[in-house]
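Participant: Below, each chain spelled out in residue letters.
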Amino acid sequence: MHRHLDLGLPLLLGVALALSGDVIAAGKAREIVIEGIKFVPDRVEIAVGDTIKWTNRDLVPHTVTQGSDIESGTIDVNKQWEYVARKKGEIDYICRFHPGMVGKLVVK
Amino acid sequence: MKFASTTILTVSAVMFGVACAQTGMSKAGGPNDPQIAHIVVTANQIDIDAGKVAKSRSRNKEVQAFADRMIEDHMAVNKQASDLAKKLGVKPEDNATSQSLADGARKNMDNLRKAADGEFDKAYINHEVAYHQAVLDAIDKTLVPSAQNAELKGLIQKVRPAIAAHLDHAKMVQSKLGGM
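Those sequence lines, one after another, are chains A and B. In terms of my numbering, the first sequence opens at residue 1 and continues consecutively. In terms of my numbering, the second sequence opens at residue 1 and continues consecutively.
Hint data in this document are derived by calculation from the structure and do not stem from the laboratory. Here the structure is a predicted model, which is why all the values come from computation and not from measurement. We treat Cβ as the ideally placed atom computed from N, Cα and C, and that holds for glycine. Fair warning: there could be bad hints in the mix.
Partial list, computed: chain A residues near chain B (C-beta under 8 angstroms) [as the list claims (entries may be wrong)]:
(1) G36
(2) I37
(3) V60
(4) P61
(5) G73
(6) V77
(7) G89
(8) H98
Derived DMTMM-like pairs: lysine to aspartate or glutamate, alpha-carbon spacing no greater than 25 angstroms straight-line [as the list claims (entries may be wrong)]:
(9) A:K53 <-> B:D117
(10) B:K153 <-> A:E35
(11) A:K38 <-> B:D117
(12) B:K52 <-> A:D76
(13) B:K87 <-> A:E35
(14) B:K171 <-> A:D92
(15) B:K61 <-> B:D117
(16) A:K79 <-> A:D42
(17) B:K79 <-> A:D92
(18) A:K79 <-> B:D83
With the hints as constraints, model all of the structure from the sequences given.
Facilitator: Structure, rendered in structure tokens:
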């Protein structure tokens, strides 16, 4: 389940989180902040079923992209995107917009 | 001829830093907050305009992608700078540095419009490299040290990594185009 969230609408955020309760209940939720043209932290270890949420606290839009398997589309300023890890392995991802922005998910 | 064109573009970009250093107005000769707000908005708008020219002139995918990024990122930064100025009740104030920037931008636009199709990409990217380096220098030496309001200073500090990333991106494209 992948979705974009709007931080400017806390009420909708609450509704969205409530609706995604089934996903969060199935695994842990982890947050990665995008700021200063970096993914922070840039390496995260998770388990299958965990939900990763990227929050863009930067001044410019970003993406979370890994080849053709993971593509967030544009994550605007103060927006979020989340992804549920479905299989074990290492995922090296980038921001399509900014060469040099890299991150790694280790799914155990 | 190519050398002359590149030199003009580079000098006009570097003049940003020189102008910032020479047109001091408040703390230790630096610009005040309304002037800084005007410089930030002007500097962003200049790169948005150059990006739009590149989008219409270049046929190179790397150059097009870079121009897209400049347009989108600088528009995003300008929106937040304008929102912050409004929130703080700061009315951006025109000043010698902004005017110097605008003069340099006009010369750059003239050069880009005159550049032959085969020379456009290098002319655009070479200027982008020089311009972003000049903006970084201005952030470090003038804008951050001069800003008095903490939120304005914070915004400028927060935009610095994006400018540094743009510089790296421009250098990467410059290298693929075969250097200067």
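Participant: Checking hints one by one. Is P61 (chain A) an interface residue toward chain B, by the C-beta closer than 8 angstroms rule?
Facilitator: 6 angstroms, holds
Participant: K171 (chain B) and D92 (chain A) were given as a pair; does the straight-line alpha-carbon distance stay at or below 25 angstroms?
Facilitator: Answer holds: K171 (chain B) to D92 (chain A) is near 24 angstroms, not above 25 angstroms.
Participant: Regarding the pair K79 (chain B) and D92 (chain A), is the alpha-carbon distance no greater than 25 angstroms?
Facilitator: 32 angstroms, violated
Participant: For the restraint on V60 (chain A), tell me whether the closest CB of chain B is nearer than 8 angstroms.
Facilitator: 4 angstroms, holds
Participant: Does H98 (chain A) hold up as a contact with chain B if the rule is Cβ-Cβ below 8 angstroms?
Facilitator: 5 angstroms, holds
Participant: Mind checking the alpha carbons of K61 (chain B) and D117 (chain B) for me, to see if they're no more than 25 angstroms apart?
Facilitator: Holds, at about 15 angstroms.
Participant: Is K38 (chain A) within 25 angstroms of D117 (chain B), Cα to Cα?
Facilitator: Given that 25 angstroms is the threshold and the Cα spacing comes to 36 angstroms, the pair is violated.
Participant: Going straight from one Cα to the other, do K87 (chain B) and E35 (chain A) come out at no more than 25 angstroms?
Facilitator: 22 angstroms, holds
Participant: Let me know if the C-beta of G73 (chain A) comes in closer than 8 angstroms to any C-beta of chain B, holds or violated.
Facilitator: Since chain B brings no Cβ nearer than about 13 angstroms to G73 (chain A), farther than 8 angstroms, the hint is violated.
Participant: Just to be careful, I want the Cα atoms of K53 (chain A) and D117 (chain B) compared with a cutoff of 25 angstroms; is the pair within it?
Facilitator: 44 angstroms, violated
Participant: Between K52 (chain B) and D76 (chain A), is the straight-line Cα distance small enough, at 25 angstroms or below?
Facilitator: 21 angstroms, holds
Participant: Does the alpha-carbon distance linking K79 (chain A) and D42 (chain A) stay inside the 25 angstroms limit?
Facilitator: 19 angstroms, holds
Checked against the numbered hints above, the structure breaks hints 5, 7, 9, 11, 17 and satisfies the rest.
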